[in-house]
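Novice: Got two chains here, each in a separate frame; can you build the complex from them with the hints?
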Amino acid sequence: MSGRARVFIPADSAALSVGAERVARAIRGEAEARGVDIEIVRTGSRGLLWLEPMVEVETADGRVGYGPIAPGDVASLFAAGFLDGGAHGRSLGRIEVHPLIARQTRLTFARVGVIDPLSLDDYRAHGGFAGLDKALAMPPAAIVEAVLQSGLRGRGGAGFPTGIKWRAVLGAEAPQKYVVCNADEGDSGTFADRMVMEGDPFMLIEGMIIAGLASGATKGFIYIRSEYPHAFATFEKAIATARAGGYLGASVRGSGRAFDIEARLGAGAYVCGEETSLLESLEGKRGVVRAKPPIPAFQGLFGKPTIVNNVLSLAAVPFILAEGPAAYARFGVGRSLGTLPVQLAGNVKRGGLYELPFGVTLREVIFDIGGGTRSGRPARAVQVGGPLGAYFPERLFDTPLDYEAFAALKGLLGHGGIVVFDDTVDLAAQARFAFEFCAKESCGKCTPCRIGAVRGRETMDRIIAGENRAENRAVLDDLLVLMTDASLCAMGGLTPVPVTSALTHFPEDFERAPLAAAAE
Amino acid sequence: MKRATGWDDQVASAIVGELKGRDGALLPILHALQEEFGYVDQRVVAELATALNLSRAEVTGTISFYHDFRANPAGRHVIKICRAEACQSVGCEDLVAHLKRRHGLDVDALSADGLLTIETVYCLGNCALGPAILADGEPVGRVDADTLDSLVARAGSERALTDGEVLS
Ligand SMILES: Cc1cc2nc3c(=O)[nH]c(=O)nc-3n(C[C@H](O)[C@H](O)[C@H](O)COP(=O)(O)O)c2cc1C
Ligand code: SF4
Ligand code: FES
Numbered sequence: 002m003s004g005r006a007r008v009f010i011p012a013d014s015a016a017l018s019v020g021a022e023r024v025a026r027a028i029r030g031e032a033e034a035r036g037v038d039i040e041i042v043r044t045g046s047r048g049l050l051w052l053e054p055m056v057e058v059e060t061a062d063g064r065v066g067y068g069p070i071a072p073g074d075v076a077s078l079f080a081a082g083f084l085d086g087g088a089h090g091r092s093l094g095r096i097e098v099h100p101l102i103a104r105q106t107r108l109t110f111a112r113v114g115v116i117d118p119l120s121l122d123d124y125r126a127h128g129g130f131a132g133l134d135k136a137l138a139m140p141p142a143a144i145v146e147a148v149l150q151s152g153l154r155g156r157g158g159a160g161f162p163t164g165i166k167w168r169a170v171l172g173a174e175a176p177q178k179y180v181v182c183n184a185d186e187g188d189s190g191t192f193a194d195r196m197v198m199e200g201d202p203f204m205l206i207e208g209m210i211i212a213g214l215a216s217g218a219t220k221g222f223i224y225i226r227s228e229y230p231h232a233f234a235t236f237e238k239a240i241a242t243a244r245a246g247g248y249l250g251a252s253v254r255g256s257g258r259a260f261d262i263e264a265r266l267g268a269g270a271y272v273c274g275e276e277t278s279l280l281e282s283l284e285g286k287r288g289v290v291r292a293k294p295p296i297p298a299f300q301g302l303f304g305k306p307t308i309v310n311n312v313l314s315l316a317a318v319p320f321i322l323a324e325g326p327a328a329y330a331r332f333g334v335g336r337s338l339g340t341l342p343v344q345l346a347g348n349v350k351r352g353g354l355y356e357l358p359f360g361v362t363l364r365e366v367i368f369d370i371g372g373g374t375r376s377g378r379p380a381r382a383v384q385v386g387g388p389l390g391a392y393f394p395e396r397l398f399d400t401p402l403d404y405e406a407f408a409a410l411k412g413l414l415g416h417g418g419i420v421v422f423d424d425t426v427d428l429a430a431q432a433r434f435a436f437e438f439c440a441k442e443s444c445g446k447c448t449p450c451r452i453g454a455v456r457g458r459e460t461m462d463r464i465i466a467g468e469n470r471a472e473n474r475a476v477l478d479d480l481l482v483l484m485t486d487a488s489l490c491a492m493g494g495l496t497p498v499p500v501t502s503a504l505t506h507f508p509e510d511f512e513r514a515p516l517a518a519a520a521e
Numbered sequence: 550m551k552r553a554t555g556w557d558d559q560v561a562s563a564i565v566g567e568l569k570g571r572d573g574a575l576l577p578i579l580h581a582l583q584e585e586f587g588y589v590d591q592r593v594v595a596e597l598a599t600a601l602n603l604s605r606a607e608v609t610g611t612i613s614f615y616h617d618f619r620a621n622p623a624g625r626h627v628i629k630i631c632r633a634e635a636c637q638s639v640g641c642e643d644l645v646a647h648l649k650r651r652h653g654l655d656v657d658a659l660s661a662d663g664l665l666t667i668e669t670v671y672c673l674g675n676c677a678l679g680p681a682i683l684a685d686g687e688p689v690g691r692v693d694a695d696t697l698d699s700l701v702a703r704a705g706s707e708r709a710l711t712d713g714e715v716l717s
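As you go down the protein sequences, you meet chains C and D in turn. Using this note's numbering, read the first sequence as starting at 2 and increasing by one per residue. Using this note's numbering, read the second sequence as starting at 550 and increasing by one per residue.
One should not assume that every hint holds.
Once the Cα atoms are required to be at most 27 Å apart in a straight line, the calculated DSSO-like pairs of lysine-lysine come out as [what the hints assert, rightly or not]:
| id | chain 1 | residue 1 | chain 2 | residue 2 |
| --- | --- | --- | --- | --- |
| 1 | C | Lys-305 | C | Lys-293 |
| 2 | C | Lys-220 | D | Lys-649 |
| 3 | C | Lys-286 | C | Lys-446 |
| 4 | C | Lys-305 | C | Lys-286 |
| 5 | C | Lys-238 | C | Lys-220 |
| 6 | C | Lys-220 | C | Lys-293 |
| 7 | C | Lys-441 | C | Lys-305 |
| 8 | C | Lys-305 | C | Lys-446 |
| 9 | D | Lys-649 | C | Lys-441 |
| 10 | D | Lys-569 | C | Lys-286 |
| 11 | D | Lys-569 | C | Lys-305 |
| 12 | C | Lys-411 | C | Lys-441 |
| 13 | C | Lys-286 | C | Lys-220 |
| 14 | C | Lys-411 | C | Lys-446 |
| 15 | C | Lys-238 | D | Lys-569 |
Stretch by stretch, here's where chain D covers chain C in the computed footprint (C-beta under 8 Å, at least three residues) [stated by the list, open to error]:
| id | segment |
| --- | --- |
| 16 | 16-22 |
| 17 | 43-57 |
| 18 | 176-190 |
| 19 | 227-239 |
| 20 | 280-286 |
| 21 | 335-341 |
| 22 | 419-433 |
To be clear, the hints were calculated from the coordinates, so they are not data collected in a lab. All values reported here derive from a predicted model rather than from experimental measurement. The C-beta atom is built at its ideal place from N, Cα and C for all residues, glycine as well.
Bound conformation, chain D alone (with noise of 0.2 Å):
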């Protein structure tokens, strides 16, 4: 798992440069970034409209237009849940109240210390095994409360959430 450790405008300068010349570099310029530091900061805005010759408006809207492109940092783990029909019908939704309800966690935020964010996806292409989620970019299947419960208790854990033995 990437560690976010903070925009650094050096090296985000240094992604810029290095990935400028590709055909249609906006896209992966901005995951590079947010790959990077987890979020990507408005500061980089004008660097970007000037090394792609392109209106501070027309990169902002893009940032913007992009549900992955984060504009604030995220926690240290990233749950990504799947919302859509198939995750519907075996019960994501109860999934997300669980997580309010046990944890007070809210869907599409940062929780308050600032450890874990949970995201909104639609589908993740797991949908015969929902609910379905992405823990730190890895995909966990027939999730339910439990899983989830032992994936909040590892968020303060420096160790991915699924590097270990909790999802038997």
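Chain C extracted, bound-state conformation (with noise of 0.2 Å):
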């Protein structure tokens, strides 16, 4: 070993959540025991999460990694030479050849995992704000032109074309625009806007400053959700970091345009991830869904011109600036271009975020990269897009993930998240689920929605009870179709999604002898 030892441990939620405060701890105090030199970097989490703690060194060969780590192992680490990359029961090599990282195209979160999230100089090292030096230099419209022509379509759920709805802020005449960060992150089963948060905040950031030098607009707002208390505080830090480095505030780098960013917390509401929702939100006010039109493009925040996306369509956008939009468009399928962060969830052995890009098909990414499931038994099921997505049974796991692919089974890619479960599932309950959390999370706005979730969950407890299952199934079907096509929004619209898959696939779970009578 030449000179101070560099050891990375990550400060990942999920890292943290599996005791990496309590490893960082350990090594800290075994390198002082043993009288060694090192220096600690806290990183984000490379996304092999069943891996965390996961601890990686500098070798003359590049970063190798240990995992998982417990306090326990750190001493053994130590007594291995792992400051030089010594062999150890938890070695996992170097890490950029590791088979998982390998198999990815890691656009957006390259760095997540590898920088210290909240140095600039790291970042900057990283090929950090590359894009933002060519946008200084662009005119608005030809930025938008960059995003339209990389066919970046929103990651929030809906897939909108960015650039479509770039471009429309930017021709929109108002005083004051607003770019809004929405980092709501609702769905079940998803996690990437949080790793990027906590993992490489500064891109976040550089995409929303690109954002605000294509439409004019000169503040932006990012909404997290409350349940992220550690994303929000490592983004707060980076919102300051970025502020006194001369990136935001009224003059972005010199250039004499304004931009500043101001982070706000959600408040446990689901619904506040619905565009309009959020931006009432961010008012101040009961998060009720707003009636379009008018597009928030058009009278968005405080009633101005406004950007909505995704923390992950932001994200991609200094990728898209530096290396410019066909060296994007260049992965996935159709029109589904670019990566998709896969966050595979659940019951599963190797969950984690595998960046990939789209077309992979579920089987390879469950089985290869997952592992099956963590139970050991059998996948039965897998929910893709959050909790307005389909139930798939294993007949479907040859769909390939792309948007369009999805909308054919009546399905939706959402968010990326994929969930997996074994064959103790009951989608029956899993149905019944659907309607009590539409109940639970409705704004209140329209009848289908407030009413029909009730009516639905209602409905659901009968049939699983067995009470007259032909008419209540009946009754079931007509309020599917009432809550998909009169709803306000996806909320109430898309419910249906989760419930009518479960009836179609997997029909024996609403067909059960009721609990009650089969124990007699």
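Specialist: Structure representation (structure tokens):
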């Protein structure tokens, strides 16, 4: 070992949740006890979450990893000479060539898990702000054009082309415009936004600044869910650091163009991820969904033209500007261009975040990458796209991950979360939960959703209890059509998706003998 | 960990005064009040309405719309347990049942001794390492019955639930 060894330990929430802080403390303590001078760098996570807490050291051949590490492993790591990459039972070898890193296309997540998320120097040394430098030298319309050319589609769920939205805001005349970053990330099974905010926040700040330059907006807000206290704290620090570094404020990098960002906390309402509800919430009101039109691009926050984009949409922008739209559009299939940060979650052995080109199949993700269920039982169902996404059975696992393929099967890709269930899952219970969730989280503005969700849950209870199943099924089917057709937003409009998919693909779960009767 | 010390009108007024000039100030104020006191006392509604030029109904409606804001004081410690789909797939509902069976604790309620509030949340962004909770604001993953038992056992402590060696 030459000089001071550098040890990298994630401070990502998922890593912290399984003891990364205690491991960091143990490593610092052991180094002191042995009189070894080390530098501990806290990073985001590489996304191989089942290997957390994962520790890396810098060696002559690159970074070498060890994981999962418990505080009790630390003495043996030192004894094995891990500071020089020594072999240990928990060795993972060079992380860059780890099979589950090597098979990814990490564009958005290239730096996550690698750099110190709060170091501007680190960020710049890894290509950060190259996109901003280009954007500062371009007219707004050219920035918009680059985003259009890249084919980038919104990653918040609806898949709307980002460039078209930006063009609308650029074209709107107003004394004040806003950029709003949607970091409400409410979908179960998703955590990519969180990992960006905790692992590479300057990338998102850079994306928001570029959105401001492209549209003429001078103020940005980021709305972060309150369930993410660490992400919020990290992001606030990143904003302050970027401001001190001259990237935010009255004159971004001395360009004479203003842009600043304020972080706001959500308050535990799923519907506030819907963009107009989010805007109401930012204005300090109940998160009641607004009727569209007018769309937020014309009348958004405080009635002003507003770009609302998901974290991942904005985070993709610096790469597109730095490397050119064609470099981004080279990945993916059909109209789903670029990469998809797949979040593999639930009952799965190797859960984590894997950034993959669109077009890989569910089966590859669940088995080749995920290693099947954590319980070791057969995988029976996956829910893709959050609580409003469809449940798919094993026979649909060859479906490729792209927007159109999922739409064709009456499902959705949403924010890219895949939740695996083993064969103990009861799809009738899951369908009931979909209604219950909608009933709890509905903003209450329209009847099909507010009342429909409650009626749906009651009807589902009757079906599960075995009461007049045929009749109740007819009631349910009518209700599903009504909610789909007459709800004002996708909360009520898409709640039928998980329900219908459960009914279609897992009918046997709705035909079982009721529990009470079966027990007799 | 911030400790709830009981409502104090003067402190509350100072918080309202400090934040009321922000754009869309109501949510930041409510968060700050809850951070300070562990809940939002209904006594502050009139003052908020005046400060922000809103009706009392608007203020009350906003407070009750959001699951985060509590109308009553929380326990010394707060556990937020995720009950969304990814955590369901690895047994979060068994944990809820365990809390009831073993400890007599209900979710979305304050414990009888007033020490522990347990609340439902839908997703903490730790869905690959579920079941997931936040214990006094700190994430804990792959939670099992033993984890919960040790957290409940620490509810009497002044220290934060995760501040110690119980969670190996
Ligand atoms: C009930 C509901 C919840 C939503 N939650 C989120 C969310 O948590 N994050 C998000 O980015 N978009 C969410 N959306 C989608 C937003 O309304 C909007 O389409 C998105 O923020 C636009 O950004 P994008 O074009 O970059 O995807 C949600 C939509 C609905 C109907
Ligand atoms: S569908 Fe539900 S969430 Fe959407 S506007 Fe109607 S009541 Fe509100
Ligand atoms: S579903 Fe429990 S943390 Fe996401």
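Novice: Does each hint hold? Answer for all of them.
Specialist: Status of each hint after checking the structure:
no., hint, verdict
1, C:Lys-305 x C:Lys-293, "holds, 15 Å"
2, C:Lys-220 x D:Lys-649, "violated, 48 Å"
3, C:Lys-286 x C:Lys-446, "holds, 14 Å"
4, C:Lys-305 x C:Lys-286, "holds, 17 Å"
5, C:Lys-238 x C:Lys-220, "holds, 18 Å"
6, C:Lys-220 x C:Lys-293, "holds, 23 Å"
7, C:Lys-441 x C:Lys-305, "violated, 31 Å"
8, C:Lys-305 x C:Lys-446, "holds, 23 Å"
9, D:Lys-649 x C:Lys-441, "holds, 22 Å"
10, D:Lys-569 x C:Lys-286, "holds, 14 Å"
11, D:Lys-569 x C:Lys-305, "holds, 21 Å"
12, C:Lys-411 x C:Lys-441, "holds, 24 Å"
13, C:Lys-286 x C:Lys-220, "holds, 20 Å"
14, C:Lys-411 x C:Lys-446, "holds, 26 Å"
15, C:Lys-238 x D:Lys-569, "holds, 23 Å"
16, 16-22, "holds (count 4)"
17, 43-57, "holds (count 3)"
18, 176-190, "holds (count 5)"
19, 227-239, "holds (count 6)"
20, 280-286, "holds (count 5)"
21, 335-341, "violated (count 0)"
22, 419-433, "holds (count 6)"
The earlier numbered hints that this structure contradicts are 2, 7, 21.
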